[in-house]
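Student: Sequence:
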Amino acid sequence: MNKKKKPFLGMPAPLGYVPGLGRGATGFTTRSDIGPARDANDPVDDRHAPPGKRTVGDQMKKNQAADDDDEDLNDTNYDEFNGYAGSLFSSGPYEKDDEEADAIYAALDKRMDERRKERREQREKEEIEKYRMERPKIQQQFSDLKRKLAEVTEEEWLSIPEVGDARNKRQRNPRYEKLTPVPDSFFAKHLQTGENHTSVDPRQTQFGGLNTPYPGGLNTPYPGGMTPGLMTPGTGELDMRKIGQARNTLMDMRLSQVSDSVSGQTVVDPKGYLTDLNSMIPTHGGDINDIKKARLLLKSVRETNPHHPPAWIASARLEEVTGKLQVARNLIMKGTEMCPKSEDVWLEAARLQPGDTAKAVVAQAVRHLPQSVRIYIRAAELETDIRAKKRVLRKALEHVPNSVRLWKAAVELEEPEDARIMLSRAVECCPTSVELWLALARLETYENARKVLNKARENIPTDRHIWITAAKLEEANGNTQMVEKIIDRAITSLRANGVEINREQWIQDAEECDRAGSVATCQAVMRAVIGIGIEEEDRKHTWMEDADSCVAHNALECARAIYAYALQVFPSKKSVWLRAAYFEKNHGTRESLEALLQRAVAHCPKAEVLWLMGAKSKWLAGDVPAARSILALAFQANPNSEEIWLAAVKLESENDEYERARRLLAKARSSAPTARVFMKSVKLEWVQDNIRAAQDLCEEALRHYEDFPKLWMMKGQIEEQKEMMEKAREAYNQGLKKCPHSTPLWLLLSRLEEKVGQLTRARAILEKSRLKNPKNPGLWLESVRLEYRAGLKNIANTLMAKALQECPNSGILWSEAIFLEARPQRRTKSVDALKKCEHDPHVLLAVAKLFWSQRKITKAREWFHRTVKIDSDLGDAWAFFYKFELQHGTEEQQEEVRKRCESAEPRHGELWCAVSKDIANWQKKIGDILRLVAGRIKNTF
Numbered sequence: 001m002n003k004k005k006k007p008f009l010g011m012p013a014p015l016g017y018v019p020g021l022g023r024g025a026t027g028f029t030t031r032s033d034i035g036p037a038r039d040a041n042d043p044v045d046d047r048h049a050p051p052g053k054r055t056v057g058d059q060m061k062k063n064q065a066a067d068d069d070d071e072d073l074n075d076t077n078y079d080e081f082n083g084y085a086g087s088l089f090s091s092g093p094y095e096k097d098d099e100e101a102d103a104i105y106a107a108l109d110k111r112m113d114e115r116r117k118e119r120r121e122q123r124e125k126e127e128i129e130k131y132r133m134e135r136p137k138i139q140q141q142f143s144d145l146k147r148k149l150a151e152v153t154e155e156e157w158l159s160i161p162e163v164g165d166a167r168n169k170r171q172r173n174p175r176y177e178k179l180t181p182v183p184d185s186f187f188a189k190h191l192q193t194g195e196n197h198t199s200v201d202p203r204q205t206q207f208g209g210l211n212t213p214y215p216g217g218l219n220t221p222y223p224g225g226m227t228p229g230l231m232t233p234g235t236g237e238l239d240m241r242k243i244g245q246a247r248n249t250l251m252d253m254r255l256s257q258v259s260d261s262v263s264g265q266t267v268v269d270p271k272g273y274l275t276d277l278n279s280m281i282p283t284h285g286g287d288i289n290d291i292k293k294a295r296l297l298l299k300s301v302r303e304t305n306p307h308h309p310p311a312w313i314a315s316a317r318l319e320e321v322t323g324k325l326q327v328a329r330n331l332i333m334k335g336t337e338m339c340p341k342s343e344d345v346w347l348e349a350a351r352l353q354p355g356d357t358a359k360a361v362v363a364q365a366v367r368h369l370p371q372s373v374r375i376y377i378r379a380a381e382l383e384t385d386i387r388a389k390k391r392v393l394r395k396a397l398e399h400v401p402n403s404v405r406l407w408k409a410a411v412e413l414e415e416p417e418d419a420r421i422m423l424s425r426a427v428e429c430c431p432t433s434v435e436l437w438l439a440l441a442r443l444e445t446y447e448n449a450r451k452v453l454n455k456a457r458e459n460i461p462t463d464r465h466i467w468i469t470a471a472k473l474e475e476a477n478g479n480t481q482m483v484e485k486i487i488d489r490a491i492t493s494l495r496a497n498g499v500e501i502n503r504e505q506w507i508q509d510a511e512e513c514d515r516a517g518s519v520a521t522c523q524a525v526m527r528a529v530i531g532i533g534i535e536e537e538d539r540k541h542t543w544m545e546d547a548d549s550c551v552a553h554n555a556l557e558c559a560r561a562i563y564a565y566a567l568q569v570f571p572s573k574k575s576v577w578l579r580a581a582y583f584e585k586n587h588g589t590r591e592s593l594e595a596l597l598q599r600a601v602a603h604c605p606k607a608e609v610l611w612l613m614g615a616k617s618k619w620l621a622g623d624v625p626a627a628r629s630i631l632a633l634a635f636q637a638n639p640n641s642e643e644i645w646l647a648a649v650k651l652e653s654e655n656d657e658y659e660r661a662r663r664l665l666a667k668a669r670s671s672a673p674t675a676r677v678f679m680k681s682v683k684l685e686w687v688q689d690n691i692r693a694a695q696d697l698c699e700e701a702l703r704h705y706e707d708f709p710k711l712w713m714m715k716g717q718i719e720e721q722k723e724m725m726e727k728a729r730e731a732y733n734q735g736l737k738k739c740p741h742s743t744p745l746w747l748l749l750s751r752l753e754e755k756v757g758q759l760t761r762a763r764a765i766l767e768k769s770r771l772k773n774p775k776n777p778g779l780w781l782e783s784v785r786l787e788y789r790a791g792l793k794n795i796a797n798t799l800m801a802k803a804l805q806e807c808p809n810s811g812i813l814w815s816e817a818i819f820l821e822a823r824p825q826r827r828t829k830s831v832d833a834l835k836k837c838e839h840d841p842h843v844l845l846a847v848a849k850l851f852w853s854q855r856k857i858t859k860a861r862e863w864f865h866r867t868v869k870i871d872s873d874l875g876d877a878w879a880f881f882y883k884f885e886l887q888h889g890t891e892e893q894q895e896e897v898r899k900r901c902e903s904a905e906p907r908h909g910e911l912w913c914a915v916s917k918d919i920a921n922w923q924k925k926i927g928d929i930l931r932l933v934a935g936r937i938k939n940t941f
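Its first residue numbered 1, the sequence shown is counted upward by one per residue in UniProt numbering.
Derived by calculation from the structure, the hints in this document are not laboratory data. Please note that the accuracy of each hint is not assured.
As the list claims (entries may be wrong) - 25 Å max Cα-Cα, derived SDA-like pairs, lysine to any residue:
1) 408 <-> 382
2) 802 <-> 824
3) 540 <-> 519
4) 451 <-> 414
5) 650 <-> 590
6) 485 <-> 568
7) 390 <-> 400
With these hints in hand, go ahead and build the complete structure from the sequences.
Tutor: Following this line, the structure appears as structure tokens:
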């Protein structure tokens, strides 16, 4: 080792060593070290610096902003509790223990915040409420005034002045600029008057201004308007008249170009100069690119498998759809060459080719496919002459004698005699065709037809139609006793040949027989199959359903046969007898009904309704003694029956036998006393104007039946008729004590108070009635009408809203609510009503009246029909319907409504009951009551 070499040479300098610092030789910086001075706009050395850092000034601003980010540790920024606004150590490193400390402090803050949460939320809520009290919303400030709007009447509302329009007059009444085309004559007239002159005519200076030698201005030797051509030489203006002439000339040239030179007729629409554009519109709906793709795909299919018929058919149809008919024909003809044994290709070719060419194609097809039925049928269709069609079909039958379709097509073209001959040959060739056998049987005589059908049964032992046709044949020739045997034999034979007897199919066959007029066959089929495949306990229910189904299909004889069979099986069932009686009443004759009822009362002598139906039928026919004898027999079978007693009374009173009616009622009161018997006794005396006797009977009845509300009603009405209002009020009040749930009693008492002018008392009675009978629509309706009659429409509307809340499914309330609304809102209300009560007759009637008020006659009639169909017992619906037809219908329609009403015999309805239960109308018939009610209806809705 060299001793002269210092040991520290080549070693790294110690930490913090500055060379020369010990001897005072501190370092200095020259301009060459830091570079020259630069302007703020000078670019920086980095050529690829991003925007905002490309100049020296940008760099200086960035450094200054970094200095500003340092913490402001001034005393003015210090708080005794919180310290400095920022963090003293934000510039220091963020270590793991700092993170743990922050998490602990955050958990403490969250815990403290949860402890104070309820108090804070309560305080915030109180502050918000206090703030709202001091500064309420505009909506809250006007809430009391908005409540008072309910008391504003319609007149006051309409008298509120309209808000004025603050815009100026031009904005309020904009006047649109009108542009009127100026005629060509105007331009022609003023063509030269608007010429500009830039120099003075020397003649004007010579002759003194206006004294020109050519007075008139336009009368110059060469006026510009008279020069030939479109442009005048002096002004350069267009001559409009010449333009119009040129336009007409051009149009003539175009029309002559498009005219048909062969026929001499133009193809242009002479009215609108428009040709038929349909030829220019492509008939396909797809994109042109899709067409190209399909064409390419089909070409590929044809090339890969040229003997595949659907490829050729699809290709031809594609070209046909795109309008290239000739290409389609060429393709399909090539297809016939490639697939000569394909029936579909030949038929498609025949379809695409025109008339004579199609015949040639079909002839070629027949040579390739002599056994094809479809090609022969197509060949016959192409022929227009009947003889040619026959020739084609006969030629076809030579090649294909066992085709039923060809035989049928050939027979249809022949006369009856020739058809019979052909059919006799057809059944030999096609012995299993039922249609051909039956067609031959229809054309043969009776004897031959029997033989034909027997042969048919031998050849086709499993078909039911041959047996049914045989039965119809026997019935048509008067051998009705054979019909039952044939049908029974048919069932036996078919079962022996393994055929399952399908009950539904046989019933359909019976209905067809009924429609064809073969009554005996229809009834025999029904009797034979009605009990097949039904459990014993389901028989009655199933048979009644079958009868209803037959009635719906208008097969009345089938239904009658079902009822007859059911009555044989269930002779003591009252319900079956009743349904059969109603069927005869609606669809049969009076004689058939009476015969059925005689059998019915023999089997069910205790069924009062059957006796009463029989008596009523005799009475309506005018045979009163027979009706009396039926009721006498009914008395023997039912000695103490209230219904029979009252029917006997009604029979006598309707026929003006009042003394006999009184004696019957007296006997009934002694032997079978009931409330209804007493009520009828009171009414008989009342209508006879024996008021004293009626009152005595009423008092006697009330001693026995004080809880029967109709007696209290009659007592009050008799007093009301005598103008004894106090006694009437007392009777109603007593009745309400005994019968507090009787709605008519409450209504009578309320109307009595209203009648005497005690509106407040009437209102109080109705409120009391609603408390005792909650959710009662009749009482709510009367309350609404009471207010409406008093002129308090707003109270009536309020009550109606409450009523609909309590009884949301009440049709009678909804029907009234519709007409309480103003006319524009009625439609909306009716929709709401139909949503709530879709099948309620009152709502349907209200909708019909609504259409009537809007003069929509057809719709109104349709809704009236719906109403009376859904509830034929509502007399008001019939009355409104009749009134409607009186105003808008024909005499036939009016008569139809009246007859339907009389057959329905309605008993209910507010207007109907008011007339029918009036003492003055007690003997009126249904038709008379209908006219009276319709006469009372006013078109005020």
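Student: Compare the structure with each hint and give your call.
Tutor: Outcome of the hint check:
Only pairs whose Cα atoms come within 25 Å are accepted, and residue 408 paired with residue 382 is accepted, the gap being roughly 18 Å. This hinted pair checks out: residue 802 and residue 824 have alpha carbons roughly 22 Å apart, not beyond 25 Å. Pair hint residue 540 plus residue 519 holds up; C-alpha atoms about 23 Å apart against a cutoff of 25 Å. Distance hint between residue 451 and residue 414 is fulfilled; the C-alpha atoms sit about 23 Å from each other, no more than 25 Å.
Distance restraint check for residue 650 and residue 590: the Cα-Cα separation of roughly 21 Å lies within the 25 Å cut-off, and the hinted pair is therefore satisfied. Using a Cα cut-off of 25 Å, the hinted pair residue 485 and residue 568 holds, with the two alpha carbons roughly 20 Å apart. Distance hint between residue 390 and residue 400 is fulfilled; the C-alpha atoms sit about 15 Å from each other, no more than 25 Å.
The structure fails none of the hints (numbered hints given earlier).
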